[in-house]
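Enquirer: Residues per chain, in single letters:
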Amino acid sequence: MFEEIFSSGNFTSLDWCIVTVYVGLSIVVGLVANKLIGGLAHYIIAGRSLGTALSIATMTGTELGLVTVMYSAQKGFTGGFAAFHIAVMACIVTFFVGLTGFIVVPLRETGVMTIPEYYERRFGRRTRILGGILLAFGGILNMGLFLKIGSQFLVGATGIDPSGGFLALVMTVLITLVLIYTILGGMVSVVIMDYIQFVVISTGLILLVCLISSKFGWSHMVDVVWQAKGESGFDPTLKGSGFGPSYIAWQGVLGLVSCAIWPTAVTRALAARNTQVVRRQYMFSSLSFLIRFLIPYFLGIGAFVYVMTSGEMFREAFFPSDGSEGLSNLYAMPLFVSHLLPTGLLGIVTASMIAAFMSTHDSYLLCWSSVITLDIVAPLRQKRPLTDKTKIVITRVTMVLIGIYILLWGLWYEGSDDIWEYMGITGAIYSTGAISVLAFGLYWKRASSTGAVLALVAGFSAILGLGKVREALHYEVLEKIIGFELTAPVVGLMALALTLTVMVVGSLLWPDRSSGKIKVREVK
Amino acid sequence: MEGWATFWKVIFICSVTAFGLMAVWVTFGGFLDIKRMFSELRSSASSEPIKENEAGTAVPATVDDREDG
Chain V
3 MFEEIFSSGN FTSLDWCIVT VYVGLSIVVG LVANKLIGGL AHYIIAGRSL GTALSIATMT
63 GTELGLVTVM YSAQKGFTGG FAAFHIAVMA CIVTFFVGLT GFIVVPLRET GVMTIPEYYE
123 RRFGRRTRIL GGILLAFGGI LNMGLFLKIG SQFLVGATGI DPSGGFLALV MTVLITLVLI
183 YTILGGMVSV VIMDYIQFVV ISTGLILLVC LISSKFGWSH MVDVVWQAKG ESGFDPTLKG
243 SGFGPSYIAW QGVLGLVSCA IWPTAVTRAL AARNTQVVRR QYMFSSLSFL IRFLIPYFLG
303 IGAFVYVMTS GEMFREAFFP SDGSEGLSNL YAMPLFVSHL LPTGLLGIVT ASMIAAFMST
363 HDSYLLCWSS VITLDIVAPL RQKRPLTDKT KIVITRVTMV LIGIYILLWG LWYEGSDDIW
423 EYMGITGAIY STGAISVLAF GLYWKRASST GAVLALVAGF SAILGLGKVR EALHYEVLEK
483 IIGFELTAPV VGLMALALTL TVMVVGSLLW PDRSSGKIKV REVK
Chain U
7 MEGWATFWKV IFICSVTAFG LMAVWVTFGG FLDIKRMFSE LRSSASSEPI KENEAGTAVP
67 ATVDDREDG
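Chains V and U supply the protein sequences, listed in that same order. Letter by letter, the first sequence follows residues 3 to 526 of our numbering. Letter by letter, the second sequence follows residues 7 to 75 of our numbering.
If we strip away everything but chain V, and leave its shape as in the complex, we get (with noise of 0.2 Å):
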């Protein structure tokens, strides 16, 4: 039965036409950009000459993945209406960052490349190659199910048989594309592509929009969720819509980390002309960060709606009546999307999800070989320090390192369901740590590197909130006896009220002997 459903869409060799030319401009992108690369500010950060418009398009693009939209569908299928909190939380708390400058301007005006290069200019050396590790450990973990999430788009979307080897095969040249483009040029390739396809992803997204509300119209929408799910399809403080009080705290926590210490995010700020361009860039993202989860929850939700009432053979497949385990949830949206469009739109919309794929694989990998290009290894090579070119050639061969291992990891690792979960947490192996130790070191003068190094192990207790880390160590017993459940949002503040106290009391016990190289902002 799966078979057929995957095989009904309407995606043609017309669609396959569409999306080779746009995946072929990107080596033409890569060959351009090379010729501009002067050193390793062009790599790295692109000369820091970002205006505003480009600043945004290239967060949007890199923010706005494929991976994005396919959990935050996922959420929408599950949640209903109510998941839009998410993406409400996400803009309130990147305005905010926007018009404070909490955070990223202060960091904008050390001048410094990635956020472990401050890590060592206010605490040291030894603080640096931590958090570049941590960094590194968590980002990476954090990628390591991009090309899984994107293979099941493709799948659902274009009916490749998931058992055959031409999944495979479409996943290792998309994967090596990126890493062609990334490899020769570095920032610029990416800003230039992040362009492109912030132009294709959000025709695409507004595109489904208007299509999806012709198609149901929101009041049918309406109904069809409040049938199926009540008032908790709805409101998100119940605790009856999986999400509650803690969770929505939570998601105000991860904003805070997407926008102001994910370093891809971040880098668009060190990259950025000024300090100017990084407030508006932060102010009118907030709009980007709300639409990158309002729309796919949309699309989530159309797809929740579509199955619910074009016929036995969907509802079947995904709440199967015989109470067996119905097909993952995370096809919804991709099916939905090659029922509803005809071909030649749907091969534009596909191109548009593999730029989103791609958008986000060339920063991610940029970023965590930069991080270990210039966090871990060069920082260990002071007495003899790497020159820009080694260092150039070290962030390309980590990357093709890293691709490696995303290819093998993503196409035979057996994912959870819930990504976002996931996402949250490895993300927060790292952030929970670099919260405290960014935002004590940016405003506190008093910060020390104990108390910095203390706060880096401690977000590391994150990895507790993991679903496999809870099975094994069996938290219901536990949870009897503190008298409520240990959840990933739970766990996940939790482990960042233990950072923001370990690095407060170890600064205070362990104070610095001199004050780190750079001078504490004042908070004015």
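The hints are simulated quantities; they were obtained by calculation from the structure and are not laboratory data. Be careful, since some hints might not be right.
Unchecked claim - No more than 30 Å apart at the CA atoms, straight line, and that leaves these computed lysine-lysine pairs for DSSO-like:
(1) V/K217 - V/K231
(2) U/K41 - V/K231
(3) V/K391 - U/K41
(4) V/K231 - V/K482
(5) V/K231 - V/K470
(6) V/K241 - U/K15
(7) V/K482 - V/K470
(8) V/K217 - U/K15
(9) V/K482 - V/K241
(10) V/K241 - V/K231
(11) V/K241 - V/K470
Given the coordinates of chain V, work out where chain U should sit on it, guided by the hints.
Expert: This is chain U only, laid out in the frame that chain V set:
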């Protein structure tokens, strides 16, 4: 339920409309920014390269804090 449904509808319509307008602006503004970026990269690639500090870190050149046009 009515209250929440209406709230989400307003949020959704306003957001998508604003995003559409921003997308148009970013499309044209981004194109101009790319042209400027190319020009700046070409001119800085032919000037003195970035120096490294004692820690082996590439130290960026002083940023010109001019107004962004």
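Enquirer: Straight-line Cα separation of V/K482 and V/K470 no greater than 30 Å?
Expert: holds, 19 Å
Enquirer: Does V/K470 sit within 30 Å of V/K241, going by the straight-line distance between their CA atoms?
Expert: Holds - the C-alpha atoms of V/K470 and V/K241 are around 23 Å apart, at most 30 Å.
Enquirer: Do the alpha carbons of U/K41 and V/K231 lie within 30 Å of each other, as the hint requires?
Expert: Status violated; Cα separation ~50 Å.
Enquirer: Taking 30 Å as the top limit, are the C-alpha atoms of V/K231 and V/K482 close enough?
Expert: Given pair V/K231, V/K482 holds - Cα atoms ~29 Å apart, limit 30 Å.
Enquirer: Starting from V/K482, check that the Cα of V/K241 is at most 30 Å away, please.
Expert: holds, 18 Å
Enquirer: What's the verdict on V/K241 and U/K15, does the C-alpha distance respect the 30 Å limit or exceed it?
Expert: holds, 22 Å
Enquirer: Checking one constraint from the list: CA of V/K241 to CA of V/K231, max 30 Å. Satisfied?
Expert: Measuring from Cα to Cα gives roughly 13 Å; hence the hint holds.
Enquirer: Are V/K217 and U/K15 close enough, with their CA atoms no more than 30 Å apart?
Expert: holds, 17 Å
Enquirer: Taking only the CA atoms, is the gap from V/K217 to V/K231 under or equal to 30 Å?
Expert: holds, 21 Å
Enquirer: Taken at face value, is the distance from the CA of U/K41 to the CA of V/K391 at most 30 Å?
Expert: Holds, at about 26 Å.
Enquirer: Given the proposed pairing of V/K231 with V/K470, does the C-alpha separation stay at or below 30 Å?
Expert: This hinted pair holds, its Cα atoms lying about 28 Å apart.
This entry does not satisfy hint 2, going by the numbered hints stated previously; all others are met.
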